[in-house]
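> Sequence:
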Amino acid sequence: MQTTTAAVETAAATAPKARLPLLDVLRGVAILGTLGTNIWIFASAHGEAEPLVGSASNDGSVLGAVFEMLTNGKFLSMLTVLFGVGLAIQYRSAEKRGRRWPGRYHLRALFLFAEGTVHFVLIFAWDVLMGYAVTAIVVAWMLRRSQRAQHAVMWTALGLHLTIIGLMTTAMFAGPGVDPQPDPEIEALYASGSWLEQVQFRLDNALAFRIEPVVTFPLLVFLFMLGVRLFRSGAFGDDAAGSRIRRRLLGWGLGIGLPLNLALMVGPEELFFLERYVAAPVVMLGYIGLVGLVVEHARRGIVMSAFQSLGRTALSGYILQNLLASALCYGWGLGLAARFDSSPWLVVSLWIGISAVLLVGSSLWLRRFTTGPAEMLQKAVLR
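Following the UniProt record's numbering from start to finish, the sequence shown increments by one per residue and tops out at 383.
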């Protein structure tokens, strides 16, 4: 697959007006979109190990291909950008209050790393919180530097990322090719193994499961700093300037990103890294513009309010969606993945059902509390 954003912290920087409704909606969309990617992992025969033994992006069906085109890598990139936005909000708040930066923010990042570690060990092997925490420490320090230095780091990180993905893609073409083979032991682990056995499996294969944030660290840095830059430019504001920026994001992101993504999808399997880590972030910018357009023109009602509620409790929603998917799909729970043999209709049903629980649950929760349970724990510990 976030103090503010991935934790997804939603705190308004200084005054009630500082809260931007679009950001909460985007966070809610990003959480459900991330579930749309990860649900294929939960529903596969090899569970969390599926990306290591084959492609978990879809099952080869038309429905799976559509899901992959719409979700694969896009919402994880959006969540990363939004985390950078949250970091920029906290930095602005510290500046206005005359507080030293990063100050106590590093404690927030370290606590987020601890939360991610617990989430990784107990719930989901492809946790994103640990990588976000490390990236946040680096970017938080960079925000004290000049704009010129920040831009240099941002674009250098992008260049390094493209180089790494280019080399990985070249190696894929030059190598013997990928021939995924079923692993009966892993299938049995997720079909009938206990929760503790799965925990042990994650620990035994921790290096393999943690490789994505290591390899994509330059991309994380770039997207964090892109989030900072978009926030400072007013891209999420409810004024005319923000609207213009979002319309440009919509045009460029979907006009260039979607055709590129589709071309890579129909190409050889060796282009997978380019699809997920190069085309997907471009499409993500279009998604930000599209959501912004909807928020501008849609009538404020129950649905938009529900997305805002989920955005305000995004860390709790992220953890809960993985816990629910595990309980529904794995053998220690209902075992639906093995029972329905990774049916695409199972995947769609799970995504719709869990999404509904998150949207309704977050709305009901915020009627009584001001923030989500995971966010409350984080604030209580840091206080």
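Calculated directly from the structure, the hints in this document are not laboratory data. The reader is advised that the hints may include incorrect statements.
[Stated by the list, open to error] Here are the simulated distance ranges between beta carbons:
no., residue 1, residue 2, range
1, L70, L207, 23 to 33 Å
2, W252, A208, 45 to 55 Å
3, R145, V348, 18 to 28 Å
4, S349, W141, 25 to 35 Å
5, R99, L196, 35 to 45 Å
6, L52, R368, 19 to 29 Å
Glycine is no exception: its CB is placed at the ideal position from the N, C-alpha and C atoms.
> It remains to establish, for every hint, whether it holds in the given structure.
Outcome of the hint check:
Between L70 and L207 the beta carbons are some 31 Å apart, a value that agrees with the proposed interval 23 to 33 Å. The supplied range of 45 to 55 Å is broken by W252 and A208, whose beta-carbon atoms lie about 36 Å from each other. Taking 18 to 28 Å as the suggested C-beta distance range, the pair R145 and V348 does not conform, at roughly 46 Å. Between S349 and W141 the Cβ separation comes to about 45 Å, which falls outside the hinted range of 25 to 35 Å.
For R99 paired with L196, a C-beta distance near 44 Å keeps the hint of 35 to 45 Å intact. Look at L52 against R368: about 42 Å separates their beta carbons, and that is not inside 19 to 29 Å.
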